[in-house]
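Work out the full structure, taking the sequences as your base and the hints as a guide.
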Amino acid sequence: QDLNLIVNSAKGGDTLLVKPGSFSEVSLTDKNFSEHKPLIVKAESPGIIVVSGNSVSRGSALELNNCSYIVFDGITFTNAMWGIYVKNSSNIVLLNNEIYGTGQEGCHIGRSSKYVDVIGNKIHNTGKFNSKWAEGVYVGSGSYGRSNFPDNCEFIWIEGNHIYETGNAEAINVKSECFHVTIRNNKIHDIRPGTSEQYNQAAITVEGGENSIKNNYRLNEKRDVWIENNTIDNVSGGYSDWNNGIMFFGTGVYILNNTIKNCTDRGIYGNNWKNLGLENSVSGNMVSNCGTSEIIHPELKVTKADPGKNPHSPQKWYSTL
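Letter by letter, the sequence shown follows residues 2 to 322 of this note's numbering.
Worth flagging that the hints you see were computed from the coordinates, not collected in a lab.
Be a bit skeptical, because a hint or two may be false.
[Unchecked claim] Distance ranges between label pairs, derived from CB positions:
1) N126 to S28: 19 to 25 Å
2) S144 to S35: 32 to 38 Å
3) S284 to N126: 21 to 27 Å
4) I7 to S58: 23 to 29 Å
Since the model is a prediction, treat every value here as computed from it, not as a measurement.
Glycine included, C-beta positions come from ideal geometry on N, C-alpha and C.
Right, dumping it as structure tokens:
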């Protein structure tokens with residue numbers, strides 16, 4: 002059966018239970034549903050559902066473009082440039098999927114998407130075409146054309162994912178025009194960041210404000226990125242001295258209660274490049290067997306005080322259905 006045709010023909014309120022099998026790529030455009038009548042595409046267990054693209058050099062196994070209130074639950078995505086690409090969409094839930102064997106990123110959230118939850122997924126063995134752009138989860142944009150600034154993805158929730166073997170890129174990378182992002186309780190290991198031509202420098206990176214400064218974009222507003230309770234193990238074998246656990250650049254980041262071990266270089270690295278001068282919180286982290294536990298540039302504003310509870314949460318509409 003043509004899963005793409007079936008999904009594109011669905012209506013709000015439908016739950017599609019997909020039987021085990023192999024299917025070609027799925028692409029949805031301008032499919033907008035509602036909180037009370039979303040579209041749910043879910044694996045009918047037991048069994049494996051594989052959605053595969055045509056080649057690791059192009060396309061997405063799953064693409065959502067200008068869509069809202071859609072759930073994909075328990076499906077495997079592989080053999081495309083991107084496993085999942087979410088563009089200009091809102092209220093998307095990606096739950097319990099597996100993504101592997103991609104040309105570049107596993108899951109790319111971009112084009113100013115809002116309220117996207119990436120929960121309980123297994124993402125691994127990415128970057129089979131471009132290892133330098135092989136991030137497990139990539140949020141926002143690192144470079145822009147003339148007319149597509151800003152890519153301000155907001156209210157992104159990344160929790161409980163198992164991410165490993167992401168080429169020469171980060172497990173999770175958040176760009177500087179993105180706000181209100183939570184990275185929580187993820188298990189990350191075997192990361193080899195960086196090449197001679199791409200500055201990937203950690204398992205989790207929240208980027209400096211290069212493009213925000215260039216465009217005078219919300220320079221006084223904290224990016225409000227919460228990195229908490231993650232486990233990072235074995236960041237090694239990457240380029241130069243870039244084998245770090247978590248790297249940040251002074252954009253308003255909270256790095257709390259993470260367990261970081263076996264990083265060749267730094268467990269936590271506060272870099273002053275394109276520093277926006279906003280306050281960051283770094284506390285409660287356990288770092289062991291790293292080249293250096295923590296290096297924070299003296300010009301970064303960092304407090305060790307407890308910032309209190311993360312004010313954000315996953316979307317609630319799906320859990321109440």
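Against the structure, the hints:
Range check, N126 to S28: about 23 Å between beta-carbon atoms, so the 19 to 25 Å window is met. Roughly 35 Å separates the CB atoms of S144 and S35, a value that falls within the hinted 32 to 38 Å. The hint said 21 to 27 Å for the Cβ distance between S284 and N126, and at roughly 34 Å that hint is violated. Checked against the hint of 23 to 29 Å, the pair I7 and S58 passes, with Cβ atoms roughly 27 Å apart.
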